[in-house]
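Residue numbers (this note's numbering), protein chains in the order written: chain A, 67 to 318; chain B, 35 to 357.
A hint or two may mislead.
Unchecked claim - The following label-pair restraints were derived from C-beta to C-beta distances: (1) A:R82 - B:G160: 36 to 44 Å; (2) A:V301 - B:G167: 31 to 39 Å; (3) B:E277 - A:H313: 41 to 49 Å; (4) A:P83 - B:G63: 24 to 32 Å; (5) A:G283 - B:G103: 53 to 61 Å; (6) A:A104 - B:L88: 26 to 34 Å.
Hints in this document: simulated from the structure, not taken from any laboratory.
Ideal Cβ positions, reconstructed from N, Cα and C, are used throughout, including at glycine.
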Amino acid sequence: MVRALGARSIRQTFRRPQLLAPIVIFPTLLLAVQTGGAGASIELPGFPPVQSFLQFMLAGAMMQSMMLAGNSGGIAFAVDIEMGFTDRLFAAPIPRFAIVLGRLAGTAALGLFASIWFLAIGLIFGAHIEGGIPGALLAMALVTASALAVGGIGAAIALRTGSASVVQGLFPLVLVVLFLSSAFFPQELMIEPAKTIAEYNPLSFIVEGVREPIIAGIDAAVTLEAVAAIAGIVVLGLVLSSRALKHRLRVG
Amino acid sequence: MAAIEVAALERAFGEVLAVQGIDLEVAEGEIYGFLGPNGAGKTTTVRMLTTLLLPTGGRASVAGHDVVGEARQVRASIGVALQEAALDPLMTGRELIRLQATLQGLPPAAGRERADALLERVDLTGAADRRVGTYSGGMKRRLDLAAALVHEPSVLFLDEPTTGLDPVSRKTIWEEVRDLNDDGTTVFLTTQYLEEADQLADNVGIIDRGRIVAEGTPESLKDEIGDPHVELLISEGEVAEAERVCAEIGRLLPPKDGRRVLVEVENGAADIPRVVRALDEAGIAVESLELVRPTLDDVFVDKTGHHLEKEESGDGDGEPAPA
Chain A
67 MVRALGARSI RQTFRRPQLL APIVIFPTLL LAVQTGGAGA SIELPGFPPV
117 QSFLQFMLAG AMMQSMMLAG NSGGIAFAVD IEMGFTDRLF AAPIPRFAIV
167 LGRLAGTAAL GLFASIWFLA IGLIFGAHIE GGIPGALLAM ALVTASALAV
217 GGIGAAIALR TGSASVVQGL FPLVLVVLFL SSAFFPQELM IEPAKTIAEY
267 NPLSFIVEGV REPIIAGIDA AVTLEAVAAI AGIVVLGLVL SSRALKHRLR
317 VG
Chain B
35 MAAIEVAALE RAFGEVLAVQ GIDLEVAEGE IYGFLGPNGA GKTTTVRMLT
85 TLLLPTGGRA SVAGHDVVGE ARQVRASIGV ALQEAALDPL MTGRELIRLQ
135 ATLQGLPPAA GRERADALLE RVDLTGAADR RVGTYSGGMK RRLDLAAALV
185 HEPSVLFLDE PTTGLDPVSR KTIWEEVRDL NDDGTTVFLT TQYLEEADQL
235 ADNVGIIDRG RIVAEGTPES LKDEIGDPHV ELLISEGEVA EAERVCAEIG
285 RLLPPKDGRR VLVEVENGAA DIPRVVRALD EAGIAVESLE LVRPTLDDVF
335 VDKTGHHLEK EESGDGDGEP APA
């Protein structure tokens, strides 16, 4: 059931380029601009030891893509609600939360695609994955799991509002949250209050978990912190989705 | 056992009572027509019976299962084709039917076989591998109907299945509904089209502003109204005088527009010469005249004081659109 719905979500995403393009094109362009324009910042005192700014930025690009994937998944879900497709699913004799899980499976697949895309770009343009194949696989797994987690929040918003334009309107907020993390710049070199916000932003823990295997190798403590942050967002997403689903079924 | 039983079913949206304590029963193998204007409560009722919306009062059972306490069993027994054909334009017709089969618990091979058979039944085999977004309105409706039948439900809910379709497509859907009913499927059909209810339904429930105002076979409902009426098209400026004259012959009915006078006549065609003579003596020009036998719209007028057709162009108040 979840597999069939997940397969449909994935197919739908790849057949709707306007959902796929922001996940790939925008972060790639930003990566190119930042790498080209701020490459010398790796010389700053306190910057983590990296081979290149590209190597540092790969994790941030993956996170950006992952967040946009979560937003796109929410938009797609809201479109399903607007066109009545979710009624077809709700009228079937399946556990209704399977409908949400099917949607999240699609979002996770997008996260996996994004991680593979950016790792490939990194390798093509000379970035080295210090953790080797295990490191690359760990990065991919964390990005995929993050997409699932963030997708739960996107699904909750879609279920609650039933409006694709509302979910789409959250896109600027996604970027703000991302810029207030260590996705694009080392937390140690930020100024206040951004530094303190980044310190406690769960996305920072996830970014560091994805970045560490790329720039230094696998670190158990950093990985565990990332997993804990992801788990927290998963729980939040599941709770919000479950409540939003109950609300939608109550008001029709 | 009745296929559908409803007792004091109610649904409120805040202060608005969209469905106000309705009772109805649909026998197995029956086609039940639920007739009413936009905003009457038809879709809200269907959504409650198909477990898409929780009632706020009363109870209902479908195929022997309570819609609240045994919702999953209800969903396993019913097929649903809602007012807006709920189709993903990016899926092909075949993909949609196969997905529906999976959701209904059919094994993959059986689902594929069933999909092929249903696509053939609704004459969509040729378009099965095209995206639904390329289908015409009639094709979408047929696909929606096919998807609702994938698990051979005992009860089929059709919410305004022919709204927006051309006459040919409408007749195709009607034929399909009749065939399904001949196979034993109970059909609960909502419609705002009198002819549809008249043609298809074994029993009709007329709903207005959340209440059932009449129920029975189409013929018995029309017989209740009794007398036919004469419909006169009067020249402009003479309508008021024509109404005065006709009121002395029979009961005036609410007008459909500004130039028609409707007068009930006890003796049918035999009263026409009397009407024509009276208008002629008053110097009133009659542009056209027709003897009209009672229709379901007349039943609606009798019970509610307004026409069903006039309501369709009204403001559609009373039923908030489901979110």
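Between A:G283 and B:G103, does the C-beta distance stay in 53 to 61 Å?
-> holds, 57 Å
Is 41 to 49 Å right for how far apart the beta carbons of B:E277 and A:H313 are?
-> For B:E277 and A:H313 the Cβ distance comes to about 53 Å; the hint is violated.
Could you say whether the range 31 to 39 Å given as a hint is met by the Cβ separation of A:V301 and B:G167?
-> holds, 37 Å
Beta-carbon spacing of A:P83 to B:G63 - inside the hinted bounds 24 to 32 Å or not = violated, 48 Å
Between A:A104 and B:L88, does the C-beta distance stay in 26 to 34 Å?
-> Distance hint for A:A104, B:L88 is violated at roughly 55 Å.
Distance restraint hint 36 to 44 Å, applied to the beta-carbon atoms of A:R82 and B:G160 = The hinted range 36 to 44 Å is violated for A:R82 and B:G160, with Cβ atoms some 25 Å apart.
Figure legend: structure checked against the earlier numbered hints; hints not met, in rising order: 1, 3, 4 and 6.
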